[in-house]
Amino acid sequence: MFPNHRPRRLRSHPQLRRMVRETVLTTSDFIYPLFAVPGEAIAKEVKSMPGVYQLSVDKIVEEAKAVYDLGIPGIILFGIPEDKDIEATGAWHDCGIVQKAATAVKEAVPELIIIADTCLCEYTSHGHCGYLQVGDLSGRVLNDPTLELLKKTAVSQAKAGADIIAPSGMMDGFVQAIRAGLDEAGFQDTPILSYAAKYASSYYGPFRDAAESTPQFGDRRTYQMDPGNAREAIKEIELDITEGADMLMVKPALAYMDIIWRVKEASNLPVAAYNVSGEYSMIKAAALNGWIDEERVVMETLTSFKRAGADLILTYHAKDAARWLG
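Each residue of the sequence shown is one higher than the last, beginning at 0 in numbering that gives the first Met the number 0.
The list that follows gives simulated cross-link-like pairs (lysine-lysine, DSS-like), each with its CA atoms no further than 27 Å apart:
1. Lys43 - Lys64
2. Lys158 - Lys99
3. Lys283 - Lys46
4. Lys64 - Lys158
5. Lys151 - Lys105
6. Lys318 - Lys305
7. Lys46 - Lys99
FYI, nobody ran anything at the bench for these hints, they're computed from the structure.
Produce the entire structure from the sequences given, and follow the hints as far as they go.
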């Protein structure tokens with residue numbers, strides 16, 4: 000008795016495996032996150048994210064050139080302002096750190112796509128993503144007043160040179176508000192990449208070191224999604240599509256590949272997956288201890304995001320992955 004089918008035949012040679020591979024990772028899939036800080040000649044490594052740095056604008060420009068030369072098509076900018084306040088002034092001011100970085104990068108590398116993270120937590124003195132009720136220590140953000148701040152921020156970022164606006168605060172109606180603000184300001188052609196399904200995840204820990212955005216009290220569970228919910232993600236993306244989103248993001252990625260798949264199946268829009276800081280740092284820590292083969296684990300992980308349905312992958316591994324892809 001012999002098997003009627005022998006799938007191993009197509010695994011017998013490296014080139015044959017390559018020919019029949021269903022999911023192929025390319026540098027065009029990647030978006031590289033960068034953290035901008037005030038000052039000059041600053042490159043401060045984030046302790047919990049080996050290989051990731053807070054960079055002054057001049058260093059951001061150098062990094063953007065390197066990213067472009069590697070064939071990576073885009074970056075996403077986060078900012079750490081010099082001063083924080085309850086109005087999140089640094090987020091929407093024309094001289095904000097992300098605005099300065101976007102303008103400098105666009106002048107130096109005009110073909111590189113610049114995505115601006117449109118959120119307020121890095122800029123508020125309390126570390127939450129919008130206005131709070133006076134005296135509130137729970138972190139329950141006032142939704143509708145915050146939409147006005149997000150509109151101002153998005154318009155300011157577009158004026159500074161951002162090609163794509165990426166609202167990440169999970170406020171109800173934020174896509175519609177930002178779309179209206181952009182259109183009114185003459186940026187009808189600026190797309191919105193919505194953090195449509197963003198979960199209240201413990202995987203964000205190292206990012207809060209990088210962006211200096213840890214809440215001073217409370218948490219973000221009143222606006223970010225419960226990790227146990229899947230159907231709710233479809234509700235969120237449907238609302239964002241109705242409001243005018245051009246692309247959709249799932250965040251985090253590693254523990255949420257089922258959500259990436261569901262979102263891809265439910266929508267015709269491009270889907271992005273954010274390979275977040277905790278996912279990155281776990282791999283880096285294990286690799287630095289010699290417990291895993293970093294290149295193979297990173298490439299397998301990124302490929303799995305694409306296999307699950309991601310068209311774009313925001314990842315701190317982007318530069319290394321681009322080099323490994325050759």
